[in-house]
Amino acid sequence: MTYNWDFHSVWQYYDLFVWGLWISVVYTFASILFGVLIGFVACAARLSRWRVLNLMARAYQEIFRCTPLLVQLLWFYYAFPLLVGGSIDNRVAALLTLSLYVGAFYAEIFRSGIVSIDKGQREAAAAIGMSPWQSMRRIVLPQALKRMLPSFINQSVIQFKNTSLVSVISVADLAYMAAVVNGQTYRPLESYTVMALLYIAMLLPLTQAADWIEKRLRVSD
Amino acid sequence: MKTNANSTAAVPVISVVGLRKSYGSHEVLKGIDLSLLRGEVVALIGPSGSGKSTLIRCLNMMETPSQGVVSFRQQDVGDRFRDTGDKIGIGTLRRHVGMVFQHFNLFPHKTVLQNVTEGPIVVCGRPRQEADALAMDLLNQVGLVDKHAAYPNHLSGGQKQRVAIARALAMEPEVLLLDEVTSALDPELVGEVLAVIKRLGEGGMTMAIVTHEMSFAAEVSSRVLFLDHGIIAQEGRPDDIILNPQNERLRSFVSRFKS
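Taken in order, these protein sequences are the chains called A and B. When we follow my numbering, the leftmost residue of the first sequence carries the number 1, and every step to the right adds one. When we follow my numbering, the leftmost residue of the second sequence carries the number 1, and every step to the right adds one.
Certain hints may be false.
[What the hints assert, rightly or not] Which residues of chain B face chain A? A few of them, derived with a C-beta cut under 7 Å, are:
no.: 1; residue: Phe81
no.: 2; residue: Gly89
no.: 3; residue: Arg94
no.: 4; residue: His103
no.: 5; residue: Ile121
no.: 6; residue: Val122
no.: 7; residue: Ala195
no.: 8; residue: Arg199
no.: 9; residue: Phe257
[Claimed, not checked] Taking lysine-lysine and the BS3-like style, the derived pairs with C-alpha atoms no more than 27 Å apart in a straight line are:
no.: 10; chain 1: A; residue 1: Lys119; chain 2: B; residue 2: Lys30
no.: 11; chain 1: A; residue 1: Lys146; chain 2: B; residue 2: Lys30
no.: 12; chain 1: B; residue 1: Lys110; chain 2: A; residue 2: Lys119
no.: 13; chain 1: B; residue 1: Lys30; chain 2: A; residue 2: Lys215
no.: 14; chain 1: A; residue 1: Lys215; chain 2: A; residue 2: Lys161
no.: 15; chain 1: B; residue 1: Lys30; chain 2: A; residue 2: Lys161
If you're looking for bench data, these hints aren't it; they were derived computationally from the structure. Glycine is no exception: its CB is placed at the ideal position from the N, C-alpha and C atoms.
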């Protein structure tokens with residue numbers, strides 16, 4: 001193969017890559033923040049003794065876990081406005097969908113972390129007179145958070161990669177910008193390779209940190 | 001809620017009347033009446049599935065009775081955590097009734113000292129220094145002062161159970177419920193835990209003890225209850241129940257556990 005690599009012409013547009021990367025990071029952090037809040041509420045509903053809440057949270061989780069994120073994005077951007085009348089800003093649709101999507105997974109991570117704590121822990125806390133809330137806050141949660149952390153980081157890494165899908169509804173993230181650069185330079189190999197390398201550069205430190213944290217947590221167990 | 005020990009000598013600290021407990025269609029306890037008097041050490045013995053653990057767990061409302069009333073110092077216990085009207089809350093009950101479990105259930109994310117001070121600080125709102133001093137004194141009593149900074153997973157089973165006893169005692173309970181506290185221990189570690197319990201009994205602690213250690217039950221208890229199929233089948237002094245059983249079923253049960 002005698003392909004003539006030319007990163008130089010692609011790198012002329014480095015500001016587009018940087019801007020796209022910034023947008024991807026913003027959507028990741030914003031959706032993680034909202035996702036944690038949504039996940040917290042959905043997890044509380046799942047653990048509550050109130051059946052209706054329980055079923056509603058379950059339905060929400062299954063809808064968002066059992067449809068592809070791409071389908072959800074298309075639905076919220078193109079279908080949802082027809083349902084409620086009016087239109088929806090593509091950035092709002094993107095953030096809303098990303099948050100609801102990751103929230104459904106966070107809810108499950110939170111829930112399984114909490115229920116994985118041995119029943120005896122709650123009993124021991126109750127036996128010294130702690131209220132259910134004191135027992136949750138002082139005994140169950142500190143142990144559960146430790147167990148949740150690896151899957152939480154893992155899901156958040158996936159979330160950063162998932163933001164690339166918002167480009168299909170014209171949100172100018174890194175993937176969108178790479179396509180723009182490709183359109184300008186007709187250099188798909190270089191454009192998309194730079195994009196891929198930027199994703200790796202962002203996530204590799206995170207996955208390494210996650211491994212390190214997991215190892216450390218195991219030692220202190 | 002201080003009481004005068006002399007005036008309440010013959011008054012039950014904790015009692016149940018008409019206690020029934022079912023899981024689904026399976027009735028585990030079929031009508032139990034029981035009173036623990038102050039200073040009494042009651043041993044609950046019986047075959048597995050006889051309901052002795054369920055009974056002791058109803059005494060601090062760890063299990064909710066299907067029928068019947070639990071009362072503490074002659075006040076009925078309600079079904080709420082807090083006191084309501086003339087009923088005392090489950091939280092109040094548990095603050096005065098300690099429990100030690102078969103599987104220790106120490107808090108693994110807290111040191112031995114923190115395990116013991118958790119109740120006094122969080123539940124009773126006592127200052128940390130005071131709680132620390134109390135905890136060190138209790139750890140001294142169970143022979144574990146030098147382990148106060150260790151985490152539970154660095155302890156042996158017997159040490160864990162002694163910490164669990166200290167944790168229960170830190171609440172300065174009026175009754176201590178011990179639910180098969182040596183059943184999960186290696187045989188050579190049983191003795192150190194039983195010795196602690198025996199000392200507590202000699203010190204006047206009111207206790208209910210579910211156990212399979214017949215000779216220990218005979219030695220430490222003032223009264224023995226033999227549970228069978230969810231009722232109290234036999235009741236009496238340890239001499240009569242364990243050392244000299246008259247009932248045929250009781251005799252065969254006791255002889256199986258006496259080595």
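Evaluation of the provided hints:
| no. | hint | verdict |
| --- | --- | --- |
| 1 | Phe81 | holds, 6 Å |
| 2 | Gly89 | violated, 10 Å |
| 3 | Arg94 | holds, 4 Å |
| 4 | His103 | holds, 6 Å |
| 5 | Ile121 | violated, 10 Å |
| 6 | Val122 | holds, 6 Å |
| 7 | Ala195 | violated, 23 Å |
| 8 | Arg199 | violated, 21 Å |
| 9 | Phe257 | violated, 25 Å |
| 10 | A:Lys119 <-> B:Lys30 | holds, 26 Å |
| 11 | A:Lys146 <-> B:Lys30 | violated, 43 Å |
| 12 | B:Lys110 <-> A:Lys119 | holds, 17 Å |
| 13 | B:Lys30 <-> A:Lys215 | violated, 51 Å |
| 14 | A:Lys215 <-> A:Lys161 | holds, 24 Å |
| 15 | B:Lys30 <-> A:Lys161 | violated, 60 Å |
The structure fails hints 2, 5, 7, 8, 9, 11, 13 and 15 (numbered hints given earlier, in ascending order).
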